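Enquirer: Just so you know, the sequences run in chain order X and C. Using UniProt numbering, the first residue of the first sequence is number 1, and each one after it goes up by one. Using UniProt numbering, the first residue of the second sequence is number 1, and each one after it goes up by one.
Worth double-checking, as some hints may not be accurate.
Computed far set for chain C versus chain X, every beta-carbon distance over 12 Å [stated by the list, open to error]:
1) Arg54
2) Pro89
3) Thr236
4) Pro260
In silico contact screen, one side only, chain X against chain C (beta carbon under 8 Å); selected entries [as the list claims (entries may be wrong)]:
5) Ser126
6) Gly158
7) His166
8) Gly182
9) Val185
10) Val187
11) Cys188
12) Leu191
13) Ser192
Worth flagging that the hints you see were computed from the coordinates, not collected in a lab. Just so we're clear, the structure is a prediction, and the values are computed from it rather than from any experiment. The C-beta atom is built at its ideal place from N, Cα and C for all residues, glycine as well.
Number of protein chains: 2
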Amino acid sequence: MSATIIDGRAMARRIQAAVAAEAAELARAGWAPRLVSLSVGATAAAELYVRNQRRQAAAAGIGFEARDYPATISAEELGGVIAGLNADPRVHGIVIQRPLPAAIPVRALQRAIHPLKDVEGLHPASIGNIVYDDLALGPCTARAAVEILRALPLDPAGLEVTVIGHSELVGKPVAFLLMGLGATVTVCHALSREVAAHARRADAVFVAVGRPGLVTAEMLKPGAALIDIGINRVETPEGPRLVGDADFETCAEVAGWITPVPGGVGPVTVAMLMQNAVRATRMQMERYRGAYAGGQ
Amino acid sequence: MSATIIDGRAMARRIQAAVAAEAAELARAGWAPRLVSLSVGATAAAELYVRNQRRQAAAAGIGFEARDYPATISAEELGGVIAGLNADPRVHGIVIQRPLPAAIPVRALQRAIHPLKDVEGLHPASIGNIVYDDLALGPCTARAAVEILRALPLDPAGLEVTVIGHSELVGKPVAFLLMGLGATVTVCHALSREVAAHARRADAVFVAVGRPGLVTAEMLKPGAALIDIGINRVETPEGPRLVGDADFETCAEVAGWITPVPGGVGPVTVAMLMQNAVRATRMQMERYRGAYAGGQ
Chain X
1 MSATIIDGRA MARRIQAAVA AEAAELARAG WAPRLVSLSV GATAAAELYV RNQRRQAAAA
61 GIGFEARDYP ATISAEELGG VIAGLNADPR VHGIVIQRPL PAAIPVRALQ RAIHPLKDVE
121 GLHPASIGNI VYDDLALGPC TARAAVEILR ALPLDPAGLE VTVIGHSELV GKPVAFLLMG
181 LGATVTVCHA LSREVAAHAR RADAVFVAVG RPGLVTAEML KPGAALIDIG INRVETPEGP
241 RLVGDADFET CAEVAGWITP VPGGVGPVTV AMLMQNAVRA TRMQMERYRG AYAGGQ
Chain C
1 MSATIIDGRA MARRIQAAVA AEAAELARAG WAPRLVSLSV GATAAAELYV RNQRRQAAAA
61 GIGFEARDYP ATISAEELGG VIAGLNADPR VHGIVIQRPL PAAIPVRALQ RAIHPLKDVE
121 GLHPASIGNI VYDDLALGPC TARAAVEILR ALPLDPAGLE VTVIGHSELV GKPVAFLLMG
181 LGATVTVCHA LSREVAAHAR RADAVFVAVG RPGLVTAEML KPGAALIDIG INRVETPEGP
241 RLVGDADFET CAEVAGWITP VPGGVGPVTV AMLMQNAVRA TRMQMERYRG AYAGGQ
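The following block holds chain X by itself, in its conformation from the complex (with noise of 0.2 Å):
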């Protein structure tokens, strides 16, 4: 037995199509969708992502600028910068990189960006609005894994998933939607004392934990789908490789359905993240003209 491994990379085209629709139909309208995105103190990782989301911008006809700051800026500066961005109609979301200086509040700063402007979908409200099954703009990684899982031939309704990790950025998400859509949902974590036995008895399984190698084939039910949303930088004889939270390759031997890393949740992510520009830059052009337009 061998799984369908799952291409993220067409995933996201087929969601980019229609986003640059939507980005061109706003354009139209005088409402062309535009990100900023904020880094600071350069660091690899954060220039990968940098570098992933300027490409699926320009393919999805989504202006991106990408600022960087120096590992020197303080938090007050750096919430500054956000109010100044809130406040400026030519910009319809904000992308804070991670990672950030430890010395920086990310939550603090994630909680400063106008929640209509929150495309990574991380602001309070946004998290509490998924709760209630509003998805305005949802998480972007929970909402990519998720995804994934709906395009496949399994009725969510009722399907006994296992989500392992509890992060509030993908975990706590992940398990939300999945509620959402009538799974039932178990979630592990660092503390569970029985993660194999949870994962083995799952239709599908969500890792998001980061660390290379926690599922293995052993933990896996025949036949289920297995989202892996981890993303680590491993060191091998070849040089670096990024890996997936599983054991990819005793893995794909059991489940029925796996993602790749890369190639998996990650382009799907961008994908979430350019959707929820558009979905942004929406929400602000209704505002406006239902601010000063006479309620249109």
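Here the structure of chain X is known, so what remains is to put chain C in place on it, guided by the hints.
Expert: Chain C only, in chain X's frame:
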């Protein structure tokens, strides 16, 4: 084997004492906490809630004004009422009594309440904050159920917990709060295939569905904690009676701890509302001082 019956009223009194001390301190600072309750179209259920809230508010030294509106009031008029209460510095919390007439969009009203006056903890921003483990104003019923678990001699870290019911007001928030404590959480609901199996392997079961007799003794692991959040009005030969979602008599023979209905989660929920009331008042006092008194 016979379960320890958890005394929610005694627990509520303990919480209430701490709340009363804090309310008195706020009153001395010129910020006596005050709630306004909005009921629409008199219903027996809402009247019961209002009565309990009024009594606990009085015991805690919190002002409580109950307003009744006719069932014919429009959503726009109610929105106007809420806007007025948001702007009134003498009002620190707004409670919307359920049920509301079907024509009133309760969720939109909940969103209209200023997050700092959202003492029920149901605004999307409040819900999102608990995902981020920021418990400023959490939803009262979910917080009450989890407080009860925390009072038991069980370590929540690594605890296997099954939550039956995934409503956005109760089941989902219970799940996030438990995740925040390190529990391994499975959330089941109407579409789940194996609720009994999930319940039976759990160290603690939370049920919030609204169906009498849903949880039976056969669904429990001996010694497990059973937190029954359901409140159902059933007719008996002796007249109407309130029961939970568990078959109390048989479950009490298997469980290690069990909450009765009434007298379990209910009184603690009202105590949480009062705790939120003093927290909300304090946050508003600090916001006011920050804005108008030189950043103190």
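Enquirer: Now look at each hint and say whether the structure bears it out.
Expert: Here's how the hints hold up against the structure:
Separation of Arg54(C) from chain X is adequate, the least Cβ-Cβ distance of about 29 Å exceeding the 12 Å criterion. The claim that Pro89(C) lies off the interface holds: its Cβ sits roughly 24 Å from the closest Cβ of chain X, which is beyond the 12 Å cut-off. Every C-beta of chain X lies more than 12 Å from that of Thr236(C), the closest at about 33 Å, which supports listing it as non-interface. Non-interface status of Pro260(C) relative to chain X is upheld: no Cβ of that chain comes within 12 Å, the nearest being about 28 Å off.
A least Cβ separation of about 7 Å between Ser126(X) and chain C falls short of the 8 Å threshold, and the interface hint therefore holds. A distance limit of 8 Å between C-beta atoms decides the matter here; for Gly158(X) the minimum to chain C is near 4 Å, and the interface restraint holds. For His166(X), the suggested interface contact is upheld, since its CB lies about 5 Å from the closest CB of chain C, less than 8 Å. Residue-level restraint check for Gly182(X) holds (minimum Cβ-Cβ distance to chain C is 4 Å; threshold 8 Å).
Interface hint status for Val185(X): upheld, as the beta-carbon distance to the closest one in chain C is roughly 5 Å, under 8 Å. The beta carbon of Val187(X) is positioned within 8 Å of a beta carbon in chain C (closest approach about 5 Å), and the interface hint is therefore held. Annotation: Cys188(X) was flagged as interfacial toward chain C, and the flag holds, the nearest CB pair being 5 Å apart, inside 8 Å. Annotation: interface hint on Leu191(X) holds; nearest CB of chain C at approximately 4 Å, less than 8 Å.
Given the 8 Å rule on beta carbons, the hint for Ser192(X) holds: about 4 Å separates it from the nearest Cβ of chain C.
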